[in-house]
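K.L.:
Chain by chain, the residues run as shown.
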Amino acid sequence: KNEVEQSPQNLTAQEGEFITINCSYSVGISALHWLQQHPGGGIVSLFMLSSGKKKHGRLIATINIQEKHSSLHITASHPRDSAVYICAVHGNQFYFGTGTSLTVIP
Amino acid sequence: NAGVTQTPKFQVLKTGQSMTLQCAQDMNHEYMSWYRQDPGMGLRLIHYSVGAGITDQGEVPNGYNVSRSTTEDFPLRLLSAAPSQTSVYFCASSYRLAGTYNEQFFGPGTRLTVL
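As they're listed, the protein sequences go chains A and B. In case it helps, the numbering used here puts the first sequence at residues -17 to 88. In case it helps, the numbering used here puts the second sequence at residues 589 to 703.
Hint data in this document are derived by calculation from the structure and do not stem from the laboratory. Computed from a prediction, not measured in an experiment: that's the story for all the values here. There's no promise every hint is true.
To be verified - Lysine to any residue pairs mimicking SDA-like chemistry, simulated, CA-CA at most 20 Å apart:
1) B:K597 - A:K35
2) A:K35 - B:T688
3) A:K35 - B:E691
4) B:K597 - A:G23
As the list claims (entries may be wrong) - What follows is a set of in silico ranges between Cβ atoms, one per label pair, in the way DEER data are often shown:
5) B:I642 - A:S8: 24 to 30 Å
6) A:N(-8) - B:T688: 40 to 46 Å
7) B:P596 - A:G34: 38 to 44 Å
8) A:G34 - B:S657: 39 to 45 Å
9) B:E618 - A:S8: 36 to 42 Å
10) A:H38 - B:N616: 22 to 28 Å
11) B:G591 - A:K37: 23 to 29 Å
12) A:G34 - B:M615: 23 to 29 Å
13) A:S33 - B:G591: 25 to 31 Å
The beta-carbon is built from N, C-alpha and C at its ideal position, and this holds for glycine as well.
Turn these sequences into a full structure, and let the hints steer you where they fit.
P.N.:
So, in structure tokens, the structure goes:
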């Protein structure tokens, strides 16, 4: 059973490209989170969403509650964006997607 | 603030040994949780706590015990280590605002190998 599905699993982009990572979930949620895990292993929270859209610098996250879907966009991608991006949802507990591994080539 | 700290960073155990992974946070967060991360499977919840004295099981609790005697500390005990418990373990904490848990703060992780 996968409460959270992400696509694609792997993504390679040229520097400067616009990137989209998708997340679909099957449980009722109070919030959705996007996390970033760098090659060193540390995990940081990028966004928490319960509706609409949020923007931090070149990162944009959107959520459609009715369709149970969220997207993470990276504009003007840079090699330092290379990381694993993880979607997580919180209903009665946290559920995580398996992550999208992004590599941005200079 | 130190945030969420975990010790040790690396550990090698023999099958059958027991040990405790330590987790502490200094942000006065009521919610704390333990996850394991295995290749291709994402993070899976082991146990969580919504406050001192309150713990509950997550998705994969077998072989692990927790306790929460203070707000700051949430240790994870492996009772009798097995090779299937070889994994990277993350501790995280969060806080409630307007009835919803907010962003989680993760510790640096503990890489455990059971031989």
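K.L.:
All hints, please: hold or fail.
P.N.:
Tested hints:
1. For the hint pairing K597 of chain B with K35 of chain A, the CA-to-CA distance comes to about 36 Å; that exceeds 20 Å, so the pair is violated.
2. Between K35 of chain A and T688 of chain B the alpha-carbon distance is near 18 Å, which keeps this suggested pair within the 20 Å criterion.
3. This hinted pair checks out: K35 of chain A and E691 of chain B have alpha carbons roughly 16 Å apart, not beyond 20 Å.
4. The suggested pairing of K597 of chain B with G23 of chain A holds, with an alpha-carbon distance near 11 Å, which does not exceed 20 Å.
5. For the pair I642 of chain B and S8 of chain A, the supplied restraint of 24 to 30 Å holds, since their beta-carbon distance comes to about 27 Å.
6. As the Cβ distance of N(-8) of chain A to T688 of chain B is approximately 32 Å, the hint placing it in 40 to 46 Å is violated.
7. The hinted range of 38 to 44 Å is satisfied by P596 of chain B and G34 of chain A, whose Cβ atoms lie roughly 42 Å apart.
8. Range check, G34 of chain A to S657 of chain B: Cβ separation about 40 Å, and the 39 to 45 Å hint holds.
9. Judged by the Cβ atoms, the range 36 to 42 Å given for E618 of chain B and S8 of chain A is violated: they are separated by roughly 27 Å.
10. For H38 of chain A and N616 of chain B, the Cβ-Cβ distance of about 25 Å falls inside the hinted range of 22 to 28 Å, so the restraint holds.
11. G591 of chain B and K37 of chain A have their C-beta atoms about 25 Å apart, which keeps the hinted 23 to 29 Å range intact.
12. Hint check: G34 of chain A to M615 of chain B, Cβ distance near 27 Å, so the stated range 23 to 29 Å holds.
13. At about 28 Å, the CB distance of S33 of chain A to G591 of chain B agrees with the hint of 25 to 31 Å.
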